[in-house]
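Peer 1: Spelled out, the chains give:
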Amino acid sequence: MRNLTTRLVILLMLALMIITGIYDYVRLGRERERLVEQTREDERIFAETLALAVSRNVRWGRTTAELKELLDDILARPGLVAVAIYAPDGQVVAETVSPGAAAPTLDDIVRDALASKEAVSALVSAESGRLLRYVQPFRWPGRQTGAIEVRQTLAGMEREFRRAVRENVLSRLVVLALFVLSVVALTRWSIARPIRALMAGAQAVGRGDLAQRIEVARRDEIGQLAEEFNRMATNLQMAHDELLHQAEERLRLEQEVHQAQKLVAVGMLAAEVAHEIGTPLNIISGRAEVLERVVPREHPERRHLDVILKQTERISGIIRALLDYTRPRRPSLRAEAIVPIVGRVADLLLERSRRRGVRLELDLPIGLPRVLADPDQLQQLFLNLLLNALDASPPGERVRVTTGPDPLLPAEGRAGIIRGKVEGPCLPIHVVDAGKGLTAEELDHVFEPFFSTKGRGQGTGLGLPIVEEIARAHRGEVEMLSIPGRGTEVIVRLPLAGSGPPDPGGRTRDSAAEAGAHGD
Amino acid sequence: MVDDDPEMRALLLDVLRNEGYEVVEAKDGTEAVLALRARTFDVILMDKNMPGPSGLDLLPGLRRVCPHSQIIMMTAFGDVASYMEAAEKGAVEYLFKPFRMEEMKAAIAKALGSSAESPA
Numbered sequence: 001m002r003n004l005t006t007r008l009v010i011l012l013m014l015a016l017m018i019i020t021g022i023y024d025y026v027r028l029g030r031e032r033e034r035l036v037e038q039t040r041e042d043e044r045i046f047a048e049t050l051a052l053a054v055s056r057n058v059r060w061g062r063t064t065a066e067l068k069e070l071l072d073d074i075l076a077r078p079g080l081v082a083v084a085i086y087a088p089d090g091q092v093v094a095e096t097v098s099p100g101a102a103a104p105t106l107d108d109i110v111r112d113a114l115a116s117k118e119a120v121s122a123l124v125s126a127e128s129g130r131l132l133r134y135v136q137p138f139r140w141p142g143r144q145t146g147a148i149e150v151r152q153t154l155a156g157m158e159r160e161f162r163r164a165v166r167e168n169v170l171s172r173l174v175v176l177a178l179f180v181l182s183v184v185a186l187t188r189w190s191i192a193r194p195i196r197a198l199m200a201g202a203q204a205v206g207r208g209d210l211a212q213r214i215e216v217a218r219r220d221e222i223g224q225l226a227e228e229f230n231r232m233a234t235n236l237q238m239a240h241d242e243l244l245h246q247a248e249e250r251l252r253l254e255q256e257v258h259q260a261q262k263l264v265a266v267g268m269l270a271a272e273v274a275h276e277i278g279t280p281l282n283i284i285s286g287r288a289e290v291l292e293r294v295v296p297r298e299h300p301e302r303r304h305l306d307v308i309l310k311q312t313e314r315i316s317g318i319i320r321a322l323l324d325y326t327r328p329r330r331p332s333l334r335a336e337a338i339v340p341i342v343g344r345v346a347d348l349l350l351e352r353s354r355r356r357g358v359r360l361e362l363d364l365p366i367g368l369p370r371v372l373a374d375p376d377q378l379q380q381l382f383l384n385l386l387l388n389a390l391d392a393s394p395p396g397e398r399v400r401v402t403t404g405p406d407p408l409l410p411a412e413g414r415a416g417i418i419r420g421k422v423e424g425p426c427l428p429i430h431v432v433d434a435g436k437g438l439t440a441e442e443l444d445h446v447f448e449p450f451f452s453t454k455g456r457g458q459g460t461g462l463g464l465p466i467v468e469e470i471a472r473a474h475r476g477e478v479e480m481l482s483i484p485g486r487g488t489e490v491i492v493r494l495p496l497a498g499s500g501p502p503d504p505g506g507r508t509r510d511s512a513a514e515a516g517a518h519g520d
Numbered sequence: 521m522v523d524d525d526p527e528m529r530a531l532l533l534d535v536l537r538n539e540g541y542e543v544v545e546a547k548d549g550t551e552a553v554l555a556l557r558a559r560t561f562d563v564i565l566m567d568k569n570m571p572g573p574s575g576l577d578l579l580p581g582l583r584r585v586c587p588h589s590q591i592i593m594m595t596a597f598g599d600v601a602s603y604m605e606a607a608e609k610g611a612v613e614y615l616f617k618p619f620r621m622e623e624m625k626a627a628i629a630k631a632l633g634s635s636a637e638s639p640a
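Sequences listed follow chains W and H, in order.
Going letter by letter, the first sequence gives residues 1 to 520 in our numbering.
Going letter by letter, the second sequence gives residues 521 to 640 in our numbering.
Simulated from the structure, these hints should not be mistaken for laboratory data.
Any given hint could turn out to be false.
Stated by the list, open to error - Subject to a maximum C-alpha distance of 25 Å in a straight line, what follows is the list of computed SDA-like cross-link-like pairs (lysine to any residue): (1) 310/W / 602/H; (2) 310/W / 547/H; (3) 625/H / 297/W; (4) 310/W / 534/H.
All figures in this text were calculated on a predicted structure; none of them were measured in a lab.
Work out the full structure, taking the sequences as your base and the hints as a guide.
Peer 2: So this is what it looks like as C-alpha cells:
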C-alpha cells in the first residue's frame with residue numbers, strides 16, 4: 001500500500017522535475033539573452049549620444065584634459081567600467097577607467113570600427129566578469145573618423161539573473177512540495193484507504209467469514225471493484241450455504257435410512273422373540289394365575305406369586321413396546337386440538353404423580369391452533385414424555401406442560417439434541433421437569449433404542465425412540481434440552497393443521513380459520 | 521384344544537377342566553382332524569404356530585368340516601396380519617400370547633354364547 005503511493009509520488013515528482021527543469025532552463029536562457037540584448041541596446045544609445053557630444057567637443061577643439069573631465073562625469077553611470085576616445089590614428093585621446101578595471105587600448109575591435117566607420121559591439125570575458133564593449137565611430141575634424149568606446153560590465157545583470165534563478169528554483173520547489181503533499185493526501189484518501197478496506201475484506205473472506213461486505217459510497221473503479229467483491233462474497237456465501245444445506249440434508253437422509261434399517265432389523269428380531277417367548281411366558285403366567293386362585297391373599301408366601309405375575313406382566317410390556325416401536329406407523333392425520341389429548345394423558349397419570357409426590361401442571365391456554373394429528377399416537381407420545389418427566393422428578397417438584405416459542409431452560413450450560421424436522425408454522429409443546437438432567441453425552445444417545453438412564457429394569461429404553469417415531473410420522477420434530485442438576489425440557493413441535501399438504505378429508509378450511517382466529 | 525407345546529396344553533387343560541369344560545387335546549393339525557372326525561365340538565381353541573400346517577392353514581378346512589364350532593385362535597402378540605387373516609377365515613376370537621386365563625375364559629364364554637344364539 002505505502003509502496004504503491006510512494007512509488008507513484010516519486011515517479012510523478014521526477015517527471016515534474018524534469019519537465020519544469022527543461023522548461024525553466026530554456027526560459028531562463030532566453031531571459032538572459034534578452035537582458036544582454038537590452039543592455040547592449042542601452043549601451044548603443046548611450047554610446048551614440050556620447051559620440052555626438054564628444055564629436056562636437058572635439059570639433060570645438062577641446063583639450064584632452066577637458067575631454068577627460070567630461071568622461072569622468074559620465075563614469076558615474078552605473079555599470080560603466082571605462083570610456084575612451086580614440087583619435088583617427090587609434091591613439092587614445094582621453095579615457096576614464098573605474099578602479100580595478102583594465103585600461104582601454106587599441107585593438108582589433110577598435111581598428112575594425114575605425115576602418116569600417118561602423119559601430120562594433122562585442123562581448124568579452126574579463127577577470128571581473130563579462131564585459132560589453134561598444135565602439136562608436138564619429139566624425140573627427142578634417143574629414144577623419146575618431147571613435148568612442150564604452151565598456152560596461154554585465155556583473156550586476158549576472159547577479160540579478162542568478163538571484164532570479166535562485167528564486168525561480170525555490171518557488172518551483174515549494175510548488176513541488178505542495179504538489180507532493182496533495183498527491184500523498186489524495187492517494188491516501190482515494191486509493192490507499194479503500195484498498196485497505198478491500199484487503200481487509202478479502203482477508204476476512206479468505207479466513208472463511210463469508211458474511212464480510214465492503215462499504216462503498218463511490219462510483220469510480222475502486223467502488224466498482226468493491227461492488228464486484230461484494231457480489232463475489234455473496235455468491236460464495238450462497239454456494240457455501242447451499243453446500244452446507246445439501247450436506248445437512250444428505251446427513252439427515254442417511255440418518256433416516258439408517259434409523260429405518262435399524263427399525264426393520266429390530267422389528268424382525270422383536271417379532272421373532274415375541275413368537276418364541278409368548279408361549280413359555282403364557283405358561284408361567286397361567287400357572288401363577290392358577291395358584292393365585294388357590295393361595296389365599298393373606299398367605300405369608302403369597303407375595304412370591306405376586307412377583308411372578310408382575311414380572312411376567314413386565315416382560316410382556318417390554319415386548320409389546322418393542323413391537324409397538326417397530327411396527328410401521330402410518331398415522332391418520334386430521335386437525336385436532338392438542339389440549340384434550342394432553343389432558344387425557346395427564347388424567348391417566350394423576351394417580352402415579354400423586355404417589356410420587358410430584359405435581360403435574362398443565363399450562364396450556366385456550367384457543368391454541370389445531371395441529372395435524374393422530375390422537376392415539378400423540379397420546380402415546382405425551383404419555384412417554386410425561387412418564388419420563390415424572391420418573392425423573394424428585395418428590396416435591398413439579399412437571400410442567402406448556403407452550404411458547406422459546407425454551408424455558410436458560411441457554412447457559414444447556415445441551416440439546418433435535419430429531420425430525422418441522423417445516424412451516426408449528427405448535428411447540430414443552431414438557432419440563434426439575435430432575436437431575438442429562439449430560440451432553442447422554443443426550444446424544446437418548447433417542448437410540450434400548451438406551452435408558454433409569455435404573456436397571458426400570459425402563460424399556462423405547463420411550464423416546466417411540467416419541468421420535470411418532471413426531472416424525474406427524475412431520476414434526478422433537479427437541480430435548482437439558483442442564484445437568486437442573487432439569488430436562490422436551491419440546492415437541494407439530495405442524496399446524498392447514499399448513500401441511502392438502503388434507504384429502506377437506507378439513508383444512510375450518511382448521512385454518514381456527515388457526516387464524518388464534519393469530520388474532 | 522390344539523397346541524404343539526405340551527406345557528401349554530397341560531396348563532389349558534388344567535384351567536378349562538377346572539372350569540367344568542370337557543376338553544380334548546391335540547398336538548398338531550393331524551391329531552385335530554382325527555379328533556374332529558370322532559365328534560363335534562362347541563369351541564375349537566387353536567394355536568396359530570404349529571409344525572406342519574399352521575392354524576391359519578387349518579382354519580378353512582375346519583370351518584367346512586364343523587361349521588357350528590366356534591374357533592378361537594392363539595398367537596404371539598403383535599401379529600396383526602394373521603389376526604386379520606384369521607378373522608377373514610372365520611375365527612371368532614383371537615388371543616395374543618401371553619394372555620390372562622381370565623381373558624381366555626371370557627373369550628370361550630363369549631364364543632359359547634354366540635354359538636348358543638346362532639340357529640343350529
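Peer 1: For each hint, tell me whether it holds in the structure or not.
Peer 2: Evaluated hints:
{"no.": "1", "hint": "310/W / 602/H", "verdict": "28 Å, violated"}
{"no.": "2", "hint": "310/W / 547/H", "verdict": "30 Å, violated"}
{"no.": "3", "hint": "625/H / 297/W", "verdict": "22 Å, holds"}
{"no.": "4", "hint": "310/W / 534/H", "verdict": "22 Å, holds"}
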